[in-house]
Amino acid sequence: MNSILEYFSSLNPMTFLSQLPGNIAQGIIWGLMALGLFITFRLLNFADLTVDGSFATGGAVTAIMIINGSPAWLAALVAVVAGILAGLVTGFLHTGLGIPDILSGILTQIALYSINLNIMGKANLPVSYRNYDLILSASNIKMAILIGLIFAAVIIGLMYWFFGTEMGSTIRSTGSNPDMSKAQGININVAKVIALALSNGVVALSGCLFAQYQGFADINMGRGAIVIGLAAVIIGMVIGDAIFRKKSNFIIKLIFVVIGGILYYIAMGIVLWLKMPTDDTKLFTAVIVALFLAVPNLKEMSKNSFKKAAKRNVKNVKMEAKKTDA
Amino acid sequence: MLEIKDVYKTFNPGTINEKMALRGVELKLNDGDFCTVIGGNGAGKSTMLNSIAGTWPVDNGMILIDGQDVSGLPEHKRASLLGRVFQDPRMGTVADMGIDENLAIAARRGKRRGLAWGVTNAEREKYRELLKQFDLGLENRMTAKVGLLSGGQRQAVTLLMATIKKPKVLLLDEHTAALDPKTAAKVLELSDKIISENNLTALMVTHNMNDAITHGNRLIMMNDGKIILDISGEEKKKLTVATLLAKFKEVSGSSLANDRMLLDS
Ligand SMILES: Nc1ncnc2c1ncn2[C@@H]1O[C@H](COP(=O)(O)OP(=O)(O)O)[C@@H](O)[C@H]1O
Ligand SMILES: [Mg+2]
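Those sequence lines, one after another, are chains E and F. Heads up: the first sequence runs through residues 1 to 326, numbered per the working numbering. Heads up: the second sequence runs through residues 327 to 591, numbered per the working numbering.
Just chain E, same shape as in the assembly (with noise of 0.2 Å):
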């Protein structure tokens, strides 16, 4: 009883309301991250597993480049770019030698645990901003939140407008129904190859703001990142449909997936506050998302499940024989 009380006034509210800046940044950071998966889990209907990789692929270019005397913004650009690479590896693996979506992730996921070492030359670099020019640090929380959000408006406007083109819709046609999209001249392949090439060049370019944030590039950053990814895609969708119900578009669904990245470095940052140990905090995010997951099919099973039909009958024989006795 003693430590129950002794945990709950160990708990300072203030605590988690200094963290909490920090918490959002990061959750900008990868809500960014989120927005790329977006393009790959959402639009196009293909579970992309490479971006564990390529968020990692985007740290490791930035930190060497900027140890080696790079500027930060053209080690930005040389991260998308490599991220955009790995995404037509994924992309040629899929539609040129026909392996399955899930293991064309995976195998270039491994494939870049090797190359971001080769990257970095070690497991761990640190870019720290006492030693170089960065585009953002934690040392400066609220201007690091003011840049995430500049990065993610022009991420979203970006989006917007490219997936309101002819190739955009490609994209999207192909995603929801590739066999009327063949009958329409559209070469699935090629749409299916752009569409990981983009989210991997916005996957890298989070993971570069993330290894500038936290000062070091490391070879583990970008491990359970489609998880993360995919709790702030869910959480921002889930919770942008509950508000706007129909009026949801697609710059309203964008927005919620940063707002879902946010929301769950606060859900973490609870988490930690509430002295959790820290290893668990993974197994705490797979349960989120296993939630966020279900409950639309939850909602469906309670609708539509045959436990309810059975007393929804049970019942009404005893309404009948009620009727009969009387």
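It is worth saying that the hints were derived from the structure and are not from the lab. Don't take each hint at face value.
Stated by the list, open to error - Below, simulated DSS-like cross-link-like pairs (lysine-lysine); rule was C-alpha separation at most 27 Å, straight line:
1. F:K471 <-> E:K303
2. E:K253 <-> F:K471
3. E:K275 <-> E:K142
What the hints assert, rightly or not - Derived CB-CB ranges, DEER-like:
4. F:E515 <-> E:I150: 50 to 58 Å
5. E:V314 <-> F:D518: 52 to 60 Å
6. E:F244 <-> F:K563: 54 to 62 Å
7. F:G440 <-> E:G98: 25 to 33 Å
Even for Gly, the Cβ is constructed at its ideal location relative to N, Cα and C.
Start from chain E and add chain F with the ligands according to the hints.
Chain F with the ligands in isolation, oriented as in the chain E frame:
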């Protein structure tokens, strides 16, 4: 003009599920021919249409559209020559895109798709006018997601998509079979109208013998992967279900054992 020469197609060759679905199909459609296709379940009607569309390569033979052999082209490269409507209303449209966006995708068949807008306001106006003729109220729901439409409305949109860029050949595969009788009649009437107004060359598979007789200027019957009857001109105009059944028996040596066909006719 469409020419099919000695086309063969076997599914799952060398396995226990091997099925020779087309066995030397020969067909020549003249420009403006509207040809209905009948035949029992599994006769190879859909397989013939799929081989024209290029769903997969055929094992033997040639398919010529306007004199050009297309049998070496993948589906998306033939698409500019063809318009298709499938049986399942969900097949021909993208559910989570607007009516306007679906039509715009179809209007760009055979064109390079770049970074221009996927659908422009000028186009929307054009589509609105086209949809008005359908009299389904779709012209006021241009940006509504196609997934919200009924089966008949979706099939009407697919029909417009298939013909918005005049195809060399229009392929209709039991495109009214999934609709209730009233809607089916309406969609069939629309098909007739579009085909005659644009003087399209068309192949229409149907399991309804009456429809096959009353529509088009030509009728073919398939059985066991081959075309066994080809009726056109005055003979087609005089055709009745009874004569058709008798002819089938005469040509194939068995009676048409297809309940669905008999019931519907
Ligand atoms: N993709 C396929 N794979 C294997 N068998 C197929 C395939 N498509 C059609 N078939 C078989 O080929 C035969 C002809 O089918 P189909 O052309 O669909 O007949 P229908 O005249 O009823 O449209 C059937 O026996 C069918 O089972
Ligand atoms: Mg069929």
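Problem set entry | Range hint compliance [Cβ, E515 of chain F to I150 of chain E, 50 to 58 Å] | Given a distance of about 56 Å, which is inside 50 to 58 Å, the answer is holds.
For this session: Below or equal to 27 Å on CA atoms is what counts here, so check K275 of chain E against K142 of chain E.
Result: holds, 25 Å
For this session: Determine whether the Cβ-Cβ distance between F244 of chain E and K563 of chain F falls within the hinted range of 54 to 62 Å.
Result: holds, 58 Å
For this session: Could you grab the alpha-carbon distance between K471 of chain F and K303 of chain E and see if it respects the 27 Å cut-off?
Result: The given pair, whose Cα atoms are some 24 Å apart, holds under the 27 Å limit.
For this session: Note whether the CB distance of G440 of chain F and G98 of chain E lies within 25 to 33 Å or breaks it.
Result: holds, 28 Å
Exercise. Is the hinted pair K253 of chain E and K471 of chain F satisfied, with a Cα-Cα distance of at most 27 Å?
Worked result: Measuring from Cα to Cα gives roughly 16 Å; hence the hint holds.
Exercise. Given a hinted range of 52 to 60 Å, is it respected by the beta-carbon distance of V314 of chain E and D518 of chain F?
Worked result: holds, 54 Å
The earlier numbered hints are all upheld by this structure, with none contradicted.
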